[in-house]
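A.B. asks: In case you want the letters, here they are:
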Amino acid sequence: MEFKLNIGAPDTEDRVLRMDAGVLYDVIIVGGGPAALTAAVYCMRKGVSTGLITMDFGGQLSDTSTVENYMGYSYITGVDLANKFKEQVRQFEIAIADGKKAVAIEDGTEKVVRLDDGSAFRARSLIITTGKSSRKLGVPGEIELTGRGVAYCAICDAPLFAGKRVVVVGGGNSGIESAIDLAKIAEHVTVVQFLPELTADRVLVDAFEAFTNTTTLYEHEVMEIVGTQTVESVKIRNRVTGDVSTHEVQGIFIEIGLDPNTVSVKGLLKLNEFGEIEVDCACRTNRPGIFAAGDVTSVPFKQIIIAAGEGAKAALSACEYILRES
Amino acid sequence: MAIFDDKVRKQIGDILTKLGDRVNLLYFTQEMECGICKDIHEFLNEFASLSDRIGLTTFDFVKDRDKAEHYKIDKIPAILLLDKNDNDTGIRFFGLPGGYEINSFIQGLMEVSGVKEPLSQGAAEMIKKIDRDVHIQVFISLTCPYCPAAVSAAHRIALENPRVRADMVDAGVFPQLAVKYNVSSVPKTIINEKIEIIGAEPIEKLIETAAKA
Ligand SMILES: Cc1cc2nc3c(=O)[nH]c(=O)nc-3n(C[C@H](O)[C@H](O)[C@H](O)COP(=O)(O)OP(=O)(O)OC[C@H]3O[C@@H](n4cnc5c(N)ncnc54)[C@H](O)[C@@H]3O)c2cc1C
Numbered sequence: 001m002e003f004k005l006n007i008g009a010p011d012t013e014d015r016v017l018r019m020d021a022g023v024l025y026d027v028i029i030v031g032g033g034p035a036a037l038t039a040a041v042y043c044m045r046k047g048v049s050t051g052l053i054t055m056d057f058g059g060q061l062s063d064t065s066t067v068e069n070y071m072g073y074s075y076i077t078g079v080d081l082a083n084k085f086k087e088q089v090r091q092f093e094i095a096i097a098d099g100k101k102a103v104a105i106e107d108g109t110e111k112v113v114r115l116d117d118g119s120a121f122r123a124r125s126l127i128i129t130t131g132k133s134s135r136k137l138g139v140p141g142e143i144e145l146t147g148r149g150v151a152y153c154a155i156c157d158a159p160l161f162a163g164k165r166v167v168v169v170g171g172g173n174s175g176i177e178s179a180i181d182l183a184k185i186a187e188h189v190t191v192v193q194f195l196p197e198l199t200a201d202r203v204l205v206d207a208f209e210a211f212t213n214t215t216t217l218y219e220h221e222v223m224e225i226v227g228t229q230t231v232e233s234v235k236i237r238n239r240v241t242g243d244v245s246t247h248e249v250q251g252i253f254i255e256i257g258l259d260p261n262t263v264s265v266k267g268l269l270k271l272n273e274f275g276e277i278e279v280d281c282a283c284r285t286n287r288p289g290i291f292a293a294g295d296v297t298s299v300p301f302k303q304i305i306i307a308a309g310e311g312a313k314a315a316l317s318a319c320e321y322i323l324r325e326s
Numbered sequence: 001m002a003i004f005d006d007k008v009r010k011q012i013g014d015i016l017t018k019l020g021d022r023v024n025l026l027y028f029t030q031e032m033e034c035g036i037c038k039d040i041h042e043f044l045n046e047f048a049s050l051s052d053r054i055g056l057t058t059f060d061f062v063k064d065r066d067k068a069e070h071y072k073i074d075k076i077p078a079i080l081l082l083d084k085n086d087n088d089t090g091i092r093f094f095g096l097p098g099g100y101e102i103n104s105f106i107q108g109l110m111e112v113s114g115v116k117e118p119l120s121q122g123a124a125e126m127i128k129k130i131d132r133d134v135h136i137q138v139f140i141s142l143t144c145p146y147c148p149a150a151v152s153a154a155h156r157i158a159l160e161n162p163r164v165r166a167d168m169v170d171a172g173v174f175p176q177l178a179v180k181y182n183v184s185s186v187p188k189t190i191i192n193e194k195i196e197i198i199g200a201e202p203i204e205k206l207i208e209t210a211a212k213a
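Same order as they appear, the protein sequences are chains E and Y.
Residues 1 to 326 (my numbering) are what the first sequence spells out, left to right.
Residues 1 to 213 (my numbering) are what the second sequence spells out, left to right.
Here chain E stands alone, though its shape is the one from the complex:
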């Protein structure tokens, strides 16, 4: 039996420092992934007053089963690594607002971060590290049927599709990993791939091809997800012939990559063609005093060690900015 232990002892009243709307922080970090947590340690060690606003601790690390390329650990689970990051942050008296989503960011003499619960916090500089999350297909039926057969987390939801027919959209690593998890228990799995071949690693493709209850549709795309209460069928178009066919399934898993989380900074910060925040080599955005780091930025290659390194750099840039401006 497996136990994915990731809590420590809860923080009792006096140890948690809540963020205070009356304080003008030197730095507010938005996010809770590797970039944010590294930035937090650097800011605290520099002695600047720091606040951290995040929906969760760990970010994508919490979805990662094992990590084998973060230096210092030849093998560690994503959950364990996230815990170690969090513990290192919690050594310091950093102000935290967790379980909170930043919905808007305003720039002026002070920078303001507005949260989904209506509260707002102020700072002299900001570090945006909101990372990435699952990309949506953007077809009719997707939003209405999310959680009713439309799924984005195969490890979470695969067990609910035992003996059922499902579609997996995406032929990359996460798509094929999901297809393998599902093929073990579902009646049938149809993989819909935009391209003429699967782009997942060879080992995964081999494992996937060993199943007999699967079909792969190359150069196809999903047009619509149909259902009243739950998913009943999916309309799929052949991109070569243009023919549309209807597939009766109870579930559709969408694994087509990740989109940067930039809703809170749209219109304020310059984004590149992929919707990522454009930064220079010192993590500066187009707005003085607003820095960004990790997967949400234009920096190539999305990896933990890169996000952590960029977080450190953004923190040092922010500290330098505050010194210069005061």
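These aren't lab readings, by the way, just hints derived from the structure by calculation.
All clues stand as given, with none of them false.
Here are the simulated DSBU-like cross-link-like pairs (lysine-lysine), alpha carbons at most 35 angstroms apart as the crow flies:
| id | chain 1 | residue 1 | chain 2 | residue 2 |
| --- | --- | --- | --- | --- |
| 1 | Y | Lys18 | E | Lys84 |
| 2 | Y | Lys10 | E | Lys86 |
| 3 | E | Lys86 | Y | Lys18 |
| 4 | Y | Lys180 | E | Lys235 |
| 5 | E | Lys84 | Y | Lys84 |
| 6 | Y | Lys116 | E | Lys86 |
| 7 | Y | Lys194 | E | Lys132 |
| 8 | Y | Lys194 | E | Lys184 |
| 9 | Y | Lys72 | Y | Lys180 |
| 10 | E | Lys101 | Y | Lys194 |
| 11 | Y | Lys75 | E | Lys164 |
| 12 | E | Lys86 | Y | Lys205 |
| 13 | E | Lys101 | Y | Lys205 |
| 14 | E | Lys302 | E | Lys101 |
| 15 | E | Lys266 | E | Lys132 |
| 16 | E | Lys46 | Y | Lys116 |
| 17 | E | Lys136 | Y | Lys194 |
Here the structure of chain E is known, so what remains is to put chain Y with the ligand in place on it, guided by the hints.
C.D. replies: Below, chain Y with the ligand alone, put in the same frame as chain E:
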């Protein structure tokens, strides 16, 4: 067979040293135990042995009918958390709190023992205002990283208000309930049989929804 390996046993033991008041676990099973019921029994025995502040009492769902009715237990396996004075906290686990749910189980125990993070003032007041019976069921799978947050939020509301009962329900152990409530993704929360929440919401949102149910 040992349920925990040495590493996990030590980690849990370390956390449990921070336990405040005594917590009493009730376990409802039956004489001829189902496979998972046996596993949970072993799990609870081993878990309770890690701290002298955890009590464990087992009831038979059939023979101890009156107890089951008293605690409104309509299915097994069921784990209930009682405080040091044996008051029902409203916190229930239907299924084995393994996988990611070990976290909501430990958090539940800690909170019942009095070791808990403060709620925001708004949230604390909103919970107190709930003046009707509320039953929250959170459907989960043990491989879902987002589920413990949803379970712990529901449990916390139950702990703070005696009118609220909150259940973790393993969709894999109760497939007929998963079908009944149309669970095709987890976490999925059902409040008073009628309101559904898909995904993990912050505790404030959950309280708001529960207050309206
Ligand atoms: C399945 C999987 C496996 C992976 N495996 C590896 C691997 O083996 N090795 C490796 O190096 N990398 C791996 N990666 C990539 C790695 O996880 C990312 O590069 C890294 O997590 C990026 O860190 P980040 O801090 O930039 O962003 P994220 O980890 O995406 O964190 C973003 C944070 O911001 C928060 N947030 C988002 N929006 C808001 C908002 N509006 N308000 C408040 N908070 C917000 C989120 O809650 C989250 O805490 C993997 C990723 C996935 C999904």
